[in-house]
Amino acid sequence: MTPLIQATNLARIYQVRRGLFAQPKPVRAVDGVSLAVMPGETLGIVGESGSGKSTLGRMLLGIDQLQAGEVRFEGRAMPELRTAEWRALRAKMQLVYQDPLAALDRRLTIASQLAEPLEIHRIIPKDQRPARVAELMVAVGLRQDQAGRFPHELSGGQRQRAVIARALASRPKLLVCDEPVSALDVSIQAQVVNMLRQLQEQNGIAMVFISHDLKVVRNIADRVAVMYLGRIVEEASSDVIFRSPRHPYTQALVSSVPVPGKLLEGRVILQGEPPNPANRPAGCAFHPRCSIARDICRSTAPVLRQIENRRTAACHIVADGAVPVAA
Amino acid sequence: MGAAKSNLVELRDLKVAFDGVQVLHGIDLTVGRGEALGLVGESGCGKSVTWLAALGLLPGKAGVSGSVRLEGRELCGSPRSTLESVRGGRIAMIFQDPSSSLNPVLRIGRQITEALALHRGLRGDAARTEALRLMDMVGIPDARSRFDLYAHEFSGGQCQRLMIAMALAGEPDLLIADEPTTALDATIQAQILDLLIQLRAETGMATVFISHDLGAVSQVCERVCVMYAGRIVEQGTVEQLFAAPRHPYTRGLFDAIPRIDGPRQPLVPIPGTVPNPKHLPAGCAFSPRCSRVLQSCHTELPPLVPQGDGRLLACARPVPLALVIHAAKPRTPARIVESALQ
Numbered sequence: 001m002t003p004l005i006q007a008t009n010l011a012r013i014y015q016v017r018r019g020l021f022a023q024p025k026p027v028r029a030v031d032g033v034s035l036a037v038m039p040g041e042t043l044g045i046v047g048e049s050g051s052g053k054s055t056l057g058r059m060l061l062g063i064d065q066l067q068a069g070e071v072r073f074e075g076r077a078m079p080e081l082r083t084a085e086w087r088a089l090r091a092k093m094q095l096v097y098q099d100p101l102a103a104l105d106r107r108l109t110i111a112s113q114l115a116e117p118l119e120i121h122r123i124i125p126k127d128q129r130p131a132r133v134a135e136l137m138v139a140v141g142l143r144q145d146q147a148g149r150f151p152h153e154l155s156g157g158q159r160q161r162a163v164i165a166r167a168l169a170s171r172p173k174l175l176v177c178d179e180p181v182s183a184l185d186v187s188i189q190a191q192v193v194n195m196l197r198q199l200q201e202q203n204g205i206a207m208v209f210i211s212h213d214l215k216v217v218r219n220i221a222d223r224v225a226v227m228y229l230g231r232i233v234e235e236a237s238s239d240v241i242f243r244s245p246r247h248p249y250t251q252a253l254v255s256s257v258p259v260p261g262k263l264l265e266g267r268v269i270l271q272g273e274p275p276n277p278a279n280r281p282a283g284c285a286f287h288p289r290c291s292i293a294r295d296i297c298r299s300t301a302p303v304l305r306q307i308e309n310r311r312t313a314a315c316h317i318v319a320d321g322a323v324p325v326a327a
Numbered sequence: 001m002g003a004a005k006s007n008l009v010e011l012r013d014l015k016v017a018f019d020g021v022q023v024l025h026g027i028d029l030t031v032g033r034g035e036a037l038g039l040v041g042e043s044g045c046g047k048s049v050t051w052l053a054a055l056g057l058l059p060g061k062a063g064v065s066g067s068v069r070l071e072g073r074e075l076c077g078s079p080r081s082t083l084e085s086v087r088g089g090r091i092a093m094i095f096q097d098p099s100s101s102l103n104p105v106l107r108i109g110r111q112i113t114e115a116l117a118l119h120r121g122l123r124g125d126a127a128r129t130e131a132l133r134l135m136d137m138v139g140i141p142d143a144r145s146r147f148d149l150y151a152h153e154f155s156g157g158q159c160q161r162l163m164i165a166m167a168l169a170g171e172p173d174l175l176i177a178d179e180p181t182t183a184l185d186a187t188i189q190a191q192i193l194d195l196l197i198q199l200r201a202e203t204g205m206a207t208v209f210i211s212h213d214l215g216a217v218s219q220v221c222e223r224v225c226v227m228y229a230g231r232i233v234e235q236g237t238v239e240q241l242f243a244a245p246r247h248p249y250t251r252g253l254f255d256a257i258p259r260i261d262g263p264r265q266p267l268v269p270i271p272g273t274v275p276n277p278k279h280l281p282a283g284c285a286f287s288p289r290c291s292r293v294l295q296s297c298h299t300e301l302p303p304l305v306p307q308g309d310g311r312l313l314a315c316a317r318p319v320p321l322a323l324v325i326h327a328a329k330p331r332t333p334a335r336i337v338e339s340a341l342q
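Protein chains in written order, with the UniProt record's numbering: chain A, 1 to 327; chain B, 1 to 342.
One thing to keep in mind: the hints can contain errors.
Claimed, not checked - In silico lysine to any residue, SDA-like type, Cα no more than 25 angstroms apart, as pairs:
| # | chain 1 | residue 1 | chain 2 | residue 2 |
| --- | --- | --- | --- | --- |
| 1 | A | K215 | B | P263 |
| 2 | A | K173 | A | K25 |
| 3 | A | K215 | B | K278 |
| 4 | B | K278 | A | G148 |
| 5 | B | K278 | A | K25 |
| 6 | A | K173 | A | A36 |
| 7 | A | K25 | A | G69 |
| 8 | B | K15 | B | I94 |
| 9 | A | K173 | A | D64 |
| 10 | A | K215 | B | T273 |
Said to hold, decoys possible - Here are the in silico distance ranges between beta carbons for each label pair:
| # | chain 1 | residue 1 | chain 2 | residue 2 | range |
| --- | --- | --- | --- | --- | --- |
| 11 | B | A117 | A | V240 | 52 to 62 angstroms |
| 12 | B | R33 | A | R107 | 36 to 46 angstroms |
| 13 | B | A117 | A | S112 | 54 to 64 angstroms |
| 14 | B | P104 | A | Q67 | 26 to 36 angstroms |
Keep in mind the hints are simulated off the structure, nothing from the lab.
The C-beta atom is built at its ideal place from N, Cα and C for all residues, glycine as well.
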């Protein structure tokens with residue numbers, strides 16, 4: 001089966017100048033990332049701030065320009081940015097942001113915001129639009145009397161439902177969700193996560209779910225990729241990676257999740273700060289915080305290798321003797 | 001619990017209203033010496049407002065009534081000079097966003113020595129030495145060379161450590177940490193929680209930990225208060241509450257947390273949304289969202305009453321203990337267990 005979306009060796013390098021006369025320094029936000037998402041599958045991307053996960057999501061949609069690598073959607077290369085073909089393709093891939101209030105137009109009613117993508121992409125005739133808007137509102141659990149409301153009149157959870165409804169309006173095949181529930185309260189978060197899963201199962205939508213919240217990702221993703229400083233360090237099915245994380249960074253990340261009733265003792269607490277992408281350590285980027293780092297980790301960057309069936313990791317120690325993955 | 005310990009802070013019937021809209025409906029709370037108390041609830045439940053009101057940090061338009069006593073001395077309505085000697089000196093507070101709590105145009109060392117001068121009268125070299133000791137204590141590596149840096153030159157986690165160092169400058173008896181780890185990354189969050197536990201063990205100060213994260217609270221605290229819509233709905237030791245949450249809201253909060261272990265199942269959300277304080281439902285504020293609601297819940301407000309096991313509970317039909325023991329197994333929603341038993 002061909003993947004719905006396939007990314008190969010993506011790179012995004014920002015030139016950052018510190019001070020007026022300083023030489024610009026390259027910041028490798030995303031550095032050689034390859035991934036594939038099958039139709040109907042959910043890929044979770046986790047990592048700390050600055051790991052490049054949001055940039056990666058935007059690159060998949062073509063909002064952030066690629067500086068290297070290639071994105072193929074349904075087997076075809078992505079068309080040039082802002083061309084007619086690109087726009088047509090964008091109807092099939094949609095983005096859901098973290099902050100729904102910023103993503104919605106404050107001066108438009110919910111109904112007119114949901115009708116907008118139908119208009120822009122000329123999806124259905126004008127007279128059928130109100131019916132489709134009503135259908136979308138039902139699908140995300142908004143009441144019909146909320147159609148005429150403005151974003152500020154809705155609660156945070158309802159706003160996020162509206163954003164999701166708008167993303168679904170063009171019947172996309174891929175949804176990129178960037179921290180969609182991080183701003184919501186726990187009780188509301190569970191409502192939105194369940195709704196996303198349900199919509200996905202009903203419509204067979206593939207999803208790239210970007211989040212720093214491992215608990216949420218585990219419950220929604222089929223497969224999970226862990227990013228550290230612009231690179232994927234481990235990727236495996238969601239069940240496997242949380243039950244038995246192999247990469248030392250994944251281990252620390254899983255261990256850092258506070259579980260009610262479990263004490264801190266015995267957990268891996270990472271020392272040090274996440275390094276600055278502008279000042280990437282030599283060798284394995286994780287080695288200054290790694291408890292099992294050896295000499296080789298300080299000099300040579302590990303490549304992503306297959307360490308088990310359907311599981312890859314970029315670590316010299318974990319992947320001893322494993323075969324490198326062809327990029 | 002704290003019967004042997006003398007109470008450090010006592011809140012009695014603390015009420016807060018903004019523009020005539022009551023957001024805090026009479027909070028009774030005590031913090032013992034050296035105790036670690038957690039305050040849990042969703043946004044808008046009044047967990048931060050409680051302590052801002054207690055320290056007189058709310059804007060003038062807020063109507064605060066009730067009593068706040070620090071070792072028997074009344075703080076509520078006392079003059080500014082009294083409050084200022086208490087704030088920072090006896091009770092210190094740290095906030096969610098460390099980088100906006102630090103002064104961006106003052107060097108870090110200066111900000112810490114300022115606090116030392118104010119609360120402990122230290123000047124010059126003595127203040128500098130003490131500031132360096134505090135920076136070491138909260139785990140700032142190479143404190144000596146970073147004494148003269150600005151806040152933006154530190155990462156988020158280190159800014160929070162510096163905030164904690166400043167809070168410790170007055171050698172407070174009580175540290176109030178308001179969502180101190182919410183803005184931080186997962187691995188840094190674990191470091192800060194670890195630091196708070198360690199500091200409490202070293203200094204013996206009491207801690208109030210305000211958070212919406214039940215997981216984080218369970219690691220730092222001994223006793224937990226769950227708040228909903230401006231009221232405490234359940235209060236007990238961490239063990240009691242985590243082994244057997246009795247209030248349907250507490251129970252719901254536990255069920256709504258996605259788990260990192262066990263089988264993957266659909267989450268169990270609490271239906272509906274947090275009520276608007278302007279239009280609180282009659283009776284129990286949680287009744288419109290409650291799975292165990294009775295007819296009387298819509299009209300009568302259940303009082304917060306002590307239970308046999310020492311916890312406090314405000315519910316007309318709490319989750320029965322026997323059921324809770326069943327349901328405490330990983331990821332069994334209370335509702336399913338209930339229907340199986342009925």
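Return the numbers of the hints above that this structure violates; sort them in rising order.
Checked against the structure, the hints that fail are numbers 2, 3, 5 and 12, while the rest are satisfied.
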